Amino acid sequence: MIPQLAFTDLTLGYERHPAIHHLDGTVERGALLAVVGPNGAGKSTLFKGIVGILAPLAGKIDRCGLDRRDVAYLPQVADIDRSFPIIVYDLVAMGLWRQTGLFSGIGRRERDLVHHALAAVGLTGFERRPIGNLSGGQLQRVLFARLLLQDARLIVLDEPFNAIDTKTAADLFALVRRWHGEGRTILAALHDIEMVRTSFPEVLLLAREAVAWGAAADVLTPANLQKARRMCEAFDEDAAECRVAAE
Amino acid sequence: MPGGGGVISGMYDLLIGPFVEFEFMRRALAGAVALSFGAGPVGVILMLRRMSLVGDTMAHAILPGAALGFMVAGLDLFAMTLGGLLAGLTVALLAGVVARVTDLKEDASLAAFFLMSLALGVTIVSMRGSNVDLLNFLFGSVLALDDPTLILMAGITTVSLGVLAVIWRPLVLDCVDPGFLRSVSRAGMPAYIAFLCLLVLNLVGGFHALGTLLSVGIIIVPATVGRFWAREVTGMIMVAVATGVASGYVGLLVSFHSGAPSGPAIILVAASVYIVSVLFGPVGGVVPRLLPRRHLEA
Chain C
1 MIPQLAFTDL TLGYERHPAI HHLDGTVERG ALLAVVGPNG AGKSTLFKGI VGILAPLAGK
61 IDRCGLDRRD VAYLPQVADI DRSFPIIVYD LVAMGLWRQT GLFSGIGRRE RDLVHHALAA
121 VGLTGFERRP IGNLSGGQLQ RVLFARLLLQ DARLIVLDEP FNAIDTKTAA DLFALVRRWH
181 GEGRTILAAL HDIEMVRTSF PEVLLLAREA VAWGAAADVL TPANLQKARR MCEAFDEDAA
241 ECRVAAE
Chain R
1 MPGGGGVISG MYDLLIGPFV EFEFMRRALA GAVALSFGAG PVGVILMLRR MSLVGDTMAH
61 AILPGAALGF MVAGLDLFAM TLGGLLAGLT VALLAGVVAR VTDLKEDASL AAFFLMSLAL
121 GVTIVSMRGS NVDLLNFLFG SVLALDDPTL ILMAGITTVS LGVLAVIWRP LVLDCVDPGF
181 LRSVSRAGMP AYIAFLCLLV LNLVGGFHAL GTLLSVGIII VPATVGRFWA REVTGMIMVA
241 VATGVASGYV GLLVSFHSGA PSGPAIILVA ASVYIVSVLF GPVGGVVPRL LPRRHLEA
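Those protein sequences? They're chains C and R, same order as listed.
Take the first sequence: its position 35, counting from 1, is numbered 35 in my numbering, and each next residue is one higher.
Take the second sequence: its position 159, counting from 1, is numbered 159 in my numbering, and each next residue is one higher.
No false leads were slipped in.
Chain C regions said to be covered by chain R (calculated; three or more residues, Cβ under 8 Å): (1) 47 to 61; (2) 68 to 74.
Here are some chain C residues the structure puts well away from chain R; computed CB gaps all over 10 Å: (3) Pro3; (4) Gly181; (5) Glu194; (6) Arg229.
Hints listed in this document are in silico derivations from the structure and should not be mistaken for laboratory results.
As the structure is a computational prediction, the values presented were derived from the model and not from experiment.
Where a beta carbon is used, it is the ideal one built from N, C-alpha and C, also for glycine.
Could you build all of it, start to finish, from the sequences and the hints given here?
Encoded structure:
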């Protein structure tokens with residue numbers, strides 16, 4: 001197996017407080033990995049580290065030669081300013097960043113790509129709509145269309161199925177399956193344990209450190225889930241300096 | 001038609017005559033138009049980033065810098081522009097970096113900053129100059145624009161439009177979806193800093209015509225008008241520019257015929273357009289919301 005992502009003694013966090021603490025591990029190329037854990041477990045933090053938004057406090061993330069443009073990132077919907085007056089077409093077209101960069105124009109070929117991507121998520125005819133007029137599920141479909149255009153080898157999805165109906169979740173998950181079939185590496189932060197159990201071969205249970213990592217059936221035991229909840233409690237304002245790194 | 005010629009010549013005297021007859025009116029109009037084209041897009045982005053107060057603070061930050069230039073060299077275009085630019089850029093960079101790097105809520109420190117700048121600037125101008133100088137600093141002298149000042153203002157607008165074209169994509173994406181932008185590109189921070197520099201440039205341009213207190217007005221007020229008439233950024237900018245140009249034209253006429261001070265007249269006209277837009281603007285205006293209209297089929 002070829003590794004796509006390798007974490008070595010990785011610590012990520014804010015103002016020196018770790019949100020991910022001494023994480024080690026490898027994600028194989030082509031993996032379909034669910035990252036689960038309670039709120040505050042560090043899922044979003046880990047993803048921000050992977051896509052290069054957040055620099056590690058210690059340790060390192062090896063993307064095994066992937067450029068930042070080979071990584072597609074779906075931020076949490078909450079991070080998007082939905083009041084901003086931009087139309088669906090423009091937001092989706094940003095998925096072509098790898099080709100267009102800052103300046104290149106969007107020609108006929110690119111226009112077709114955008115229309116195809118919107119068709120693939122079932123939003124044909126929504127091109128001119130401002131994003132403020134979309135429902136939560138529709139906006140998530142738009143963001144998946146953008147992911148489609150990014151055509152990336154590593155896809156990182158932060159809570160892709162939160163607060164959307166089952167039909168939309170099923171449609172979007174079909175896309176995830178398709179990407180998996182194409183050999184892309186996919187990481188998804190999820191809360192729906194049942195969905196993870198049935199649909200994801202590999203699971204990382206996170207509670208600031210890895211509680212368990214492996215096949216879904218081995219990881220998602222009641223004992224492990226209980227343990228994860230307990231471990232997430234402490235964000236100590238006056239925490240002492242961590243000694244592990246100094247050894 | 002009896003009296004037709006009278007009406008037409010009356011309209012001419014009212015609307016066009018002043019600009020044909022007086023060169024200072026033509027210069028003022030040219031200045032206002034030049035300003036509007038740069039200020040429109042800058043103002044719309046400023047508003048969409050919820051940074052209107054930042055614009056206000058920067059406008060004030062220009063005052064002590066321009067005043068220092070005045071103290072050293074008198075009423076010299078170059079010295080006052082340079083002083084204003086340096087002071088504005090310093091504040092812009094400090095505020096921008098602090099807002100980006102820390103989680104500090106910046107409105108309180110901005111308010112403190114703009115009061116300090118105002119007090120300092122007024123003190124410096126008053127020590128060297130007269131009350132007339134002070135009024136010119138605060139409210140501008142749009143009726144006294146000379147060639148170099150006009151060229152400066154037009155140059156600033158040209159530079160603004162060029163730079164905006166270059167940084168537009170990251171600038172917009174940084175507002176809508178900053179996480180995504182940072183995952184595909186490192187251009188977010190440079191684009192933001194470039195935008196702050198454009199803001200300062202436009203404020204300095206506006207300063208010569210409208211003074212430090214009102215220059216931010218031609219940036220913010222037309223932008224807020226745009227929000228009530230368009231659903232998309234591009235449309236908002238077009239409305240903002242049109243509002244700026246129209247306010248300049250009507251404001252100058254009002255000032256010419258009534259003797260009202262010209263800078264405040266321009267901003268007052270823009271403000272009137274704003275009030276009308278709040279009431280009747282098709283996108284979220286008060287009256288269209290209250291009108292009983294049947295909902296659509298789908």
